[in-house]
Amino acid sequence: MAKRIDVSGLTAYYGSHKAIEDISMTVEPRSVTAFIGPSGCGKSTFLRTLNRMHEVTSGGRVEGKVLLDDEDLYGPGIDPVSVRREVGMVFQRPNPFPTMSIFDNVAAGLRLNGSYKKSELQDVVEKSLKGANLWNEVKDRLNKPGSGLSGGQQQRLCIARAIAVEPKVLLMDEPCSALDPISTLAIEDLIGELKERFTIVIVTHNMQQAARVSDRTAFFNLAAVGQPGKLIEIDDTERIFSNPSVQATEDYISGRFG
Amino acid sequence: MSNATIADKRPSTLRGARLPKWSPYAIAAGSVAVAIGIGLAAGLDSRVQWGLIAGLLYVFGSYAIAARVEGRRQAKDRVATSLVWVAFLLAVVPLVSLVWTTIARGVKVLDVYFLTHSMGVVADSQPGGGIYHAILGSLEQVGLATLIAAPIGVLTAIYLVEYGRGGLARSVTFFVDVMTGIPSIVAGLFILSLMLMFDMQPFGFAGSLALAILMVPVVVRSTEEMLKLVPNELREASLALGVPKWRTILKVVLPTSIGGITTGIMLAIARIAGETAPVLLLVFGSKFINANPFEGAQASLPLYIYQQYGSGETPAYDRAWAASLTLIAFVMILNMVARGIARWKAPKTGR
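Taken in order, these protein sequences are the chains called A and B. The first sequence maps to residues 1 to 258 in the UniProt record's numbering. The second sequence maps to residues 1 to 351 in the UniProt record's numbering.
Some clues are possibly wrong.
[Stated by the list, open to error] Simulated coverage check for chain A against chain B, where a stretch passes if three residues somewhere in it have a Cβ under 8 Å from a Cβ of chain B:
| # | segment |
| --- | --- |
| 1 | 13–25 |
| 2 | 154–162 |
| 3 | 208–215 |
[Claimed, not checked] Okay, the calculated beta carbon distance ranges per label pair:
| # | chain 1 | residue 1 | chain 2 | residue 2 | range |
| --- | --- | --- | --- | --- | --- |
| 4 | A | V246 | B | A346 | 29 to 39 Å |
| 5 | B | L267 | A | R93 | 50 to 60 Å |
| 6 | A | S82 | B | F88 | 30 to 40 Å |
| 7 | B | E225 | A | T57 | 20 to 30 Å |
| 8 | B | P255 | A | S82 | 19 to 29 Å |
[Said to hold, decoys possible] Keeping only pairs whose Cα atoms sit at most 25 Å apart, straight-line, the calculated BS3-like set for lysine-lysine is:
| # | chain 1 | residue 1 | chain 2 | residue 2 |
| --- | --- | --- | --- | --- |
| 9 | B | K251 | A | K118 |
| 10 | A | K127 | A | K195 |
| 11 | A | K144 | B | K21 |
| 12 | A | K230 | A | K18 |
| 13 | A | K118 | B | K287 |
| 14 | A | K144 | B | K251 |
| 15 | B | K345 | A | K168 |
| 16 | A | K117 | B | K251 |
| 17 | A | K65 | A | K168 |
| 18 | A | K65 | A | K127 |
| 19 | B | K251 | A | K127 |
Calculated directly from the structure, the hints in this document are not laboratory data. Bear in mind that the values here come from a model prediction, so they are computed numbers and not experimental data. Beta carbons are placed, not taken as given, at the ideal position from N, Cα and C, and that holds for glycine.
Work the whole structure out from these sequences, hints included.
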């Protein structure tokens, strides 16, 4: 059920400002692809173009193609709402719905989409929470508000919420940057398990994290502040961290700049 | 020799001379005493003057004393503190005095009989009578106004915050701002001109329309602020689950802000419940019970107060004060209900 993503010639704008320019890459199914690069290089913007969240920001628009198993996400007649059901997203800061309990948070995707059977709901919630390694910690307090959990638990709750709707691809925008090392480890372990079922794309500032969790790594950079971000190279993670083909990548990962 | 005395011998750069904790109270008591003395000596009749003198003495006194003992920076700090206190008292004194006067004069005739009878066959100069017809009229007019204004206001705010871009949104915001400043009598005149065009007699619903005009901008403004407080991350989280935008607004944004929105609507109701001018023009006022807001003149509480007070008879004065107390109680109950709802609906925390 995991799907491949093929991006070709993608350029994204905020109003008249060009944020990323001419990006082409392939993201393999059932693998983890990490995006690294300095702040402002457009990693997050590019990530958000993959499930049409970019256009939620006012003035956001995109040129180019994003193929999800041969279907262009930006083709005519494509409903962004359906795209987002196939391509889920986890955000930088844990954002459980404050008015909902833990159970309702996980069930939110199904309930708000209106397509579910009552009997299934219980099973889906349990399966998703187990999938996010959170079940044992919360099974006795499913009716308590999600905001009462710790930051790491909240983030896993958000992952459970995202996988409850059975997406094909899971996008993660710096999912560990607000978390402590222990919670980060829990999420990284979880990513390792989830890649059996989903195509995962993760943006991270932490290069060790990229090296630990990802199969392939893409390095983004920008020529100068105000210039659009570009994809410098994408390759197997091992190769990027040992013997990258572009000098800028080596400079970045060895800490010579950025 | 104890440790304390040893420590005292080393001058500390971190510790300066401090006035004792009771000094603000002592200065306040002193200023009041001196102010009374000055007032008596100068033969000032007004207690307000005494209070102002005491306030000034307190501010200057605490600055002078603190500057002498503690230094200039601490003195400025004390002046700021005492100014805040004086301002607080200046704000509270009229409020307490108003509530006190209303209660003291209002309880005289306020009883169950007063709340359940109209002014039907009672002349203004006679004791007896009541405000049942006015309460009924007020509830109906304000209730209908709320039914019209709350949905329009909330939907307008949703448009402005969630959808509005460009010229239309800017002009809506501009007109809402302009509407906030409309004097209530103008809203009344606007509806009156419509009534005259169609040759209609005063009736309750016409008042509701004018009140709704006054209420809409207040609801829009407060709802807008509440919707803006909902973090964008929640909207994005919902959209990223593949939830359509309208459902996101209905199921995520509104529930998160419903407490604040309700409070805003309640406060807007409280504001229009006290309006007299449009009611005077459009509903006209009546001594009799009229439960039908769509036909015939009705009474309302603020209008009743105005008419009773204007008649100049002692029993009518008492009734006006009792009606004022009822109106204040009504508004306060609304406020408390709003707070209760806000607390009940607020996003829950805790484990």
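So, going through the hints one by one against the coordinates:
1. 13–25: violated (count 0)
2. 154–162: With 3 residues closer than 8 Å to chain B, the segment 154–162 of chain A meets the three-residue bar; holds.
3. 208–215: Per the Cβ count (0), the hint is violated.
4. V246(A) x A346(B): 29 to 39 Å: 52 Å, violated
5. L267(B) x R93(A): 50 to 60 Å: Because 32 Å falls outside the window, the suggested range is violated.
6. S82(A) x F88(B): 30 to 40 Å: 58 Å, violated
7. E225(B) x T57(A): 20 to 30 Å: Holds, at about 22 Å.
8. P255(B) x S82(A): 19 to 29 Å: Since the Cβ atoms of P255(B) and S82(A) sit about 25 Å apart, the hinted range of 19 to 29 Å holds.
9. K251(B) x K118(A): 18 Å, holds
10. K127(A) x K195(A): OK: K127(A) and K195(A) at ~16 Å, within 25 Å.
11. K144(A) x K21(B): This hinted pair is violated, its Cα atoms lying about 45 Å apart.
12. K230(A) x K18(A): 11 Å, holds
13. K118(A) x K287(B): 58 Å, violated
14. K144(A) x K251(B): It holds: about 19 Å lies between the C-alpha atoms, which stays within 25 Å.
15. K345(B) x K168(A): 36 Å, violated
16. K117(A) x K251(B): With a Cα-Cα distance of about 19 Å, the restraint between K117(A) and K251(B) holds, given a limit of 25 Å.
17. K65(A) x K168(A): Holds, at roughly 18 Å.
18. K65(A) x K127(A): Measuring from Cα to Cα gives roughly 34 Å; hence the hint is violated.
19. K251(B) x K127(A): 24 Å, holds
Figure legend: structure checked against the earlier numbered hints; hints not met, in rising order: 1, 3, 4, 5, 6, 11, 13, 15, 18.
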